[in-house]
Amino acid sequence: PITVNVNPGTYNEQLLLGSIGGTSATNTITINGGGATLSYISTNTNQRGVITLDGTDYITVNNLNIQSTSSATTDYCWGVFMTNNADNNTVSNCNISLSTSTTSTNHAGIVISGSATSATTAGSNCDNITISNNTIEGGYYGITVVGNTATGVVSNNQITGNTVKNFYLYGMYVSGTDNTLIESNDIHRMTRTTVSTFAPIYCPTFHSNLKVRRNKIHDAATAAPTTSFTAYGVYLASSTPTVGNENEISNNVIYNMGGEGSHYGLYNSSSGNTRYYYNSISMQTTGVSGTGTTYGFYQVTIQPGIELRNNNIAISRTTTGNHVGIYASSGVTGFSSNYNNVYVNAPAANSFGYATSLQATLAAWQGATSQDAQSQNMDPIYAGVSSGNLTPTNSLLDNLGTPVSVTTDFNGLTRSSTTPDIGAYEFSVQGCTGTPTAGTASAVMTSVCSGSNVSLSLSGFSIGSGIGIQWESSPTGAASWTPIAGATATSLSTLLSGPTDYRAVITCINGGGQDFSNTVSVSVNPYYLCYCSPLTGVALHTTTGNYITNVNIAGTPLNVTTTAVGAGAYTQNYPLTATNTATLTQGQSYTLNASIASASYTTELWIDWDQNGSFDASEYQTLSLSTASSATILVPFTAVPGITGMRLRNAASTTTTFGASGACSNITIGRETEDYIITIAAALPCAGTPVSPGTISANTTNICNTGDVVLTLSGYPSDLGITYQWESSAAGQSNFTPISG
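In terms of the working numbering, the sequence shown is residues 7 to 747.
Note that these hints are calculated values from the structure, not bench results.
Just so it is clear, CB atoms sit at the ideal spot from N, CA and C, and this is done for glycine as well.
Treat the hints with care, as some may be off.
[To be verified] Computed list of lysine to aspartate or glutamate pairs in EDC-like fashion (alpha-carbon distance at most 20 Å, straight line):
| id | residue 1 | residue 2 |
| --- | --- | --- |
| 1 | 217 | 254 |
| 2 | 217 | 189 |
| 3 | 217 | 192 |
| 4 | 222 | 192 |
| 5 | 217 | 184 |
| 6 | 217 | 143 |
| 7 | 222 | 432 |
| 8 | 217 | 252 |
| 9 | 222 | 189 |
| 10 | 217 | 313 |
| 11 | 222 | 254 |
[What the hints assert, rightly or not] Just the calculated beta-carbon pair ranges, DEER-fashion:
| id | residue 1 | residue 2 | range |
| --- | --- | --- | --- |
| 12 | 642 | 699 | 19 to 25 Å |
| 13 | 293 | 647 | 32 to 38 Å |
| 14 | 704 | 727 | 25 to 31 Å |
| 15 | 18 | 420 | 29 to 35 Å |
| 16 | 306 | 45 | 17 to 23 Å |
| 17 | 605 | 525 | 54 to 60 Å |
| 18 | 376 | 409 | 17 to 23 Å |
From just these sequences and the hints, can you work out the full model?
What follows is the structure, given as structure tokens:
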């Protein structure tokens, strides 16, 4: 073996090595940097590496500072580059420093690629590579390892113990591999201010025997907290190895994602025979806004052999999009999920799961999918999310996992062989004593529609083994409390049928004492705030051709203008303002006008005349096909007086409309829906002689012999009590007699 000890100092040059004859497992070469610095910024697109190993085998680069800190897009800054069957090499204990402001793909920390000019080209054929205990900062990529797909994969590579930070997009880009280990890495963008998509462990295109274990993934945008971007914790795509060569994602800790946009804890696309075990996920950033969606586990394009066990997922992010614990876009065929804890408690749009449709609660998910029979739905009460300590402190979660092939936890501690804990950490909680503190009960919404679920949670209660929770309910104000069957977790989702009070009773079975939480009162919304939602899968104002810019009803105050084009499929124009409502009187006619972005798209209208809480097919009409579309609304005398709802929808197809029965249709392309509250006023009774009897028109004034003629009366008074009788007379004689019927 040969060891090269680098003298202290800074060296401004490249180290370019090719094949070295005679190297082997016993005849190795070690470059011991001793803390020296090798710095270089290349302007040659074909020589990007500060260190290049081109077909070089059995080289170790250790304890070297490697710098290439230009942010210019015309410079080429790769810290270490391996290619062309460079095998059995190690990069360890090095500090690799790149620009933390660059947005160019020309900048990467460690690159294993088949191309000298791209960090992600297949065909590197580099096997048995170890990348360990390095700190890599900046660049577009932190580490890339790219083999071919299925055949010609790179094998037996290990990425362990590294800190990869402040990269622009990819922490690790790993593709086309067999038997790759990604373990105990700390990956974050804690201090970077220019950020894009967050892909800390990104694994597209074929893997077998991939192990992603015990990694910390966190702080995607701590220094840019209001930036909107897509975030993936662990991303796996197009990888379905054969049985016996399964991929494993286990004991990873994901937290402090920050920022706005859509975030995914674990993302699986078309990747079967993959096991997700013991991962702990916290997607609980507060103070963020926007319409971003949040998913604990997300799966698209089902494949066989996907297994979720013992994962701990907590979501309470404050964006307005859907928040879903387990999302299976194509259903759960070939999918197995159980012994997980999924806690979704965001301010709105919460669902335990999705399997072709949203399932709000664990019970609904179990009924729809037959999955997660032994899973839980409770706040894990992580010990310290901000510091990355996702150890649960909720004693009710203790020992609720099931044994699987992974036998140690995030810290390397041996797990129970019979009752392991859910999540990345084995834990225990000290026993409670005396009288506990009940804490604070709260509801996500304190006014919901009848027949909807109420989501309640408890916080600030005494923690300890032996603590018991029992939720109780009472009709509002009656103080007649009854235990809710099975409601013994920190959170509760229950059906509301009428105004109800809720509280939690906390008991310490060791000391016998108990305490009561505050009372949470939940009221029932009036029916006109509870019409069916067309929100799912729809994008509002995503194209220039299918949205409404103004709605008004002539002669009333209602005049609503849409001024912004952006996300949000469904506009509910309430609470009421001076200009978003109208009063319409029985028997009267009104003109509703709508300004439409394109004359090719039909606008459709429903008004709930009978106030039954639904938009019926008999309550439907269409507007004229124009950018200035309109419709005449004739308020029937049978319309029920009082407050009711009105809905307009704009179609996205020039040939397809929603139709009379389509007021509630959920669709997947951009169409807009707007809801309004209006008031129906009873018709005024008539008095005296009608001012005008109206005007008669006929469809024809000349017929041969006998035939049908259609007569129409318009402009007549419509006051309550007005009656009508058609009469006829021989032409010119004014001898009118009533027409029967």
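Evaluation of the provided hints:
Note on residue 217 and residue 254: the hinted pairing holds, with a Cα-Cα distance of about 5 Å set against a maximum of 20 Å. This hinted pair checks out: residue 217 and residue 189 have alpha carbons roughly 8 Å apart, not beyond 20 Å. Note on residue 217 and residue 192: the hinted pairing holds, with a Cα-Cα distance of about 16 Å set against a maximum of 20 Å. Only pairs whose Cα atoms come within 20 Å are accepted, and residue 222 paired with residue 192 is accepted, the gap being roughly 5 Å.
For the suggested pair residue 217 and residue 184, the alpha carbons sit about 10 Å apart, so the restraint of at most 20 Å is met. About 24 Å separates the Cα atoms of residue 217 and residue 143, which puts this hinted pair outside 20 Å; it is violated. For the given pair, residue 222 sits about 16 Å from residue 432 by alpha-carbon distance, which is consistent with the 20 Å threshold. For the hint pairing residue 217 with residue 252, the CA-to-CA distance comes to about 9 Å; that is within 20 Å, so the pair holds.
Between residue 222 and residue 189, the direct Cα distance comes to roughly 9 Å. Compliance with the 20 Å bound is thereby established for this hinted pair. Pair hint residue 217 plus residue 313 holds up; C-alpha atoms about 14 Å apart against a cutoff of 20 Å. A distance of roughly 16 Å separates the Cα atoms of residue 222 and residue 254; the hinted pair therefore holds under the 20 Å criterion. Taken as a hint, the range 19 to 25 Å holds for the pair residue 642 and residue 699, whose Cβ atoms sit roughly 21 Å apart.
In this structure the hint that residue 293 and residue 647 lie 32 to 38 Å apart at CB is violated, the actual value being about 45 Å. About 28 Å separates the C-beta atoms of residue 704 and residue 727, a value consistent with the hinted range of 25 to 31 Å. Under the hint 29 to 35 Å, the C-beta atoms of residue 18 and residue 420, about 50 Å apart, miss the expected range. Our hint of 17 to 23 Å for residue 306 and residue 45 is violated, since their Cβ atoms are close to 44 Å apart.
Judged by the Cβ atoms, the range 54 to 60 Å given for residue 605 and residue 525 holds: they are separated by roughly 55 Å. Checked against the given bound of 17 to 23 Å, the beta carbons of residue 376 and residue 409, roughly 22 Å apart, stay inside it.
In summary, the structure is inconsistent with hints 6, 13, 15 and 16 from the numbered list given earlier, while agreeing with the others.
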